[in-house]
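K.L.:
Between the sequences and the hints, there should be enough to build the whole structure, so can you do that?
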Amino acid sequence: MNGADARRRILVVGNGIAGQTACDSLRAAGFDGRLTIVGDEPRTAYSRPALSKALLVDGGSPELASPMHQATEMVGVAAVGLDVESGRVHLDDGTNLPYDGLVIASGSRARRLGGVESAELTLRTLDDAWVLRERLAAQPSVVVVGAGPLGVTFD
0 MNGADARRRI LVVGNGIAGQ TACDSLRAAG FDGRLTIVGD EPRTAYSRPA
50 LSKALLVDGG SPELASPMHQ ATEMVGVAAV GLDVESGRVH LDDGTNLPYD
100 GLVIASGSRA RRLGGVESAE LTLRTLDDAW VLRERLAAQP SVVVVGAGPL
150 GVTFD
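Counting from 0, one number per residue, gives the positions in the sequence shown under numbering that gives the first Met the number 0.
Mixed in with the good hints, there may be bad ones.
Using C-beta positions, here's what the derived DEER-type ranges look like [claimed, not checked]:
#	residue 1	residue 2	range
1	Leu63	His89	24 to 30 Å
2	Ala118	Ala27	40 to 46 Å
3	Leu120	Ala28	35 to 41 Å
4	Ala118	Thr71	37 to 43 Å
5	Gly59	His89	33 to 39 Å
6	Arg132	Pro41	14 to 20 Å
7	Gly29	Pro97	18 to 24 Å
8	Ala17	Thr121	15 to 21 Å
9	Arg134	Pro97	41 to 47 Å
10	Arg111	Arg7	39 to 45 Å
11	Pro48	Leu112	21 to 27 Å
Just so you know, the hints here were simulated from the structure itself, not pulled from any lab data.
Backbone N, C-alpha and C define an ideal beta-carbon position, used for all residues, glycine too.
P.N.:
Encoded structure:
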């Protein structure tokens, strides 16, 4: 990055592939400042497409290669507020993180169908995949709603 660039602290909200890729891209572009990644899940990033693949069938691993970006990773905390004027993100543990540049890579949430709460399961996290695996073992009939990278190649 240009030496005149005032961005010395970049905060990435979202510890998935998009957040990790943003950090890798920043480093590849020459950013040598402080990178911090915040993720609400209690674990480091993993491959979400793997959740509906080998993980369900044979317990395969959704692990990603170790990141090269050397960002500080804060897992298990959620971003709950943004103060653009002061350049701070508020976390659910009471922490306020300052930033000069912000990347919001928090993904999306599934739209719930409603009315069948006990039978309905969204597949977004590793914990969701483990629950689905247990349910499939007990009752292997399933309806997939959605054709994103998780649902489209569900076997």
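K.L.:
Against each hint, give a clear statement of whether it holds in the structure.
P.N.:
How the hints compare with the structure:
{"no.": "1", "hint": "Leu63 x His89: 24 to 30 Å", "verdict": "holds (28 Å)"}
{"no.": "2", "hint": "Ala118 x Ala27: 40 to 46 Å", "verdict": "holds (45 Å)"}
{"no.": "3", "hint": "Leu120 x Ala28: 35 to 41 Å", "verdict": "holds (39 Å)"}
{"no.": "4", "hint": "Ala118 x Thr71: 37 to 43 Å", "verdict": "holds (40 Å)"}
{"no.": "5", "hint": "Gly59 x His89: 33 to 39 Å", "verdict": "holds (37 Å)"}
{"no.": "6", "hint": "Arg132 x Pro41: 14 to 20 Å", "verdict": "holds (19 Å)"}
{"no.": "7", "hint": "Gly29 x Pro97: 18 to 24 Å", "verdict": "holds (22 Å)"}
{"no.": "8", "hint": "Ala17 x Thr121: 15 to 21 Å", "verdict": "holds (18 Å)"}
{"no.": "9", "hint": "Arg134 x Pro97: 41 to 47 Å", "verdict": "holds (43 Å)"}
{"no.": "10", "hint": "Arg111 x Arg7: 39 to 45 Å", "verdict": "holds (41 Å)"}
{"no.": "11", "hint": "Pro48 x Leu112: 21 to 27 Å", "verdict": "holds (22 Å)"}
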